[in-house]
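Q: Numbering-wise (UniProt numbering), the sequence shown opens with residue 1 and increments by one.
Don't take each hint at face value.
Restraint ranges, calculated between C-beta atoms of paired labels, are given here [unchecked claim]: (1) P11 <-> R36: 24 to 32 Å; (2) A32 <-> E63: 17 to 25 Å; (3) R7 <-> R73: 28 to 36 Å; (4) R73 <-> G45: 14 to 22 Å; (5) Q72 <-> H8: 27 to 35 Å; (6) A78 <-> L16: 16 to 24 Å; (7) R51 <-> G10: 18 to 26 Å; (8) G79 <-> R55: 28 to 36 Å; (9) P33 <-> R55: 16 to 24 Å; (10) R4 <-> Q72: 28 to 36 Å.
For the record, the hints were derived by calculation from the structure and aren't laboratory data. Ideal Cβ positions, reconstructed from N, Cα and C, are used throughout, including at glycine.
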Amino acid sequence: MTTRPIRHDGPTPVYLQIADYIAADIASGALAPGDRIPTETDMHGEWGVARTTARRAVAELRERELVVTVPQRGTFVAGSEA
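Construct all of the structure, not just a fragment, from the sequences and the given hints.
A: Given below as structure tokens:
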């Protein structure tokens, strides 16, 4: 995943911008079913966001049924066993 700008002062909440970037990577095939998505730490490092913002982005992706979270393992693109 390449660094993409986040607009902290834009009309779209930051967590939705991050969720949309990851969703676009899933749609394009850059992240395939079973691939681990970026961790909260990765999101913090890439975009300088708080962990709570990263968690909201992941929750949004779960609501869209694009990812599944496996306790103690991580969050993976939906579509195959992680």
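Q: Decide, hint by hint, whether the structure agrees.
A: Checked hints:
Checked against the hint of 24 to 32 Å, the C-beta distance between P11 and R36 comes to roughly 30 Å, which is consistent with it. Between A32 and E63 the Cβ separation comes to about 21 Å, which falls inside the hinted range of 17 to 25 Å. Separation of R7 from R73 is about 32 Å and conforms to the stated range, judged on CB atoms against 28 to 36 Å. For R73 and G45, the hinted distance range of 14 to 22 Å is satisfied, since their beta carbons lie about 20 Å from each other.
The hint said 27 to 35 Å for the Cβ distance between Q72 and H8, and at roughly 32 Å that hint holds. Restraint check, A78 to L16: a C-beta distance of roughly 19 Å satisfies the suggested window 16 to 24 Å. In this structure the supplied range 18 to 26 Å holds for R51 paired with G10, their Cβ-Cβ distance being about 21 Å. Against the hinted window of 28 to 36 Å, the Cβ-Cβ separation of G79 and R55 comes to about 22 Å, which falls outside the hint.
One distance hint, 16 to 24 Å for the beta-carbon pair P33 and R55, holds here, with the actual separation near 22 Å. For R4 and Q72, the Cβ-Cβ distance of about 29 Å falls inside the hinted range of 28 to 36 Å, so the restraint holds.
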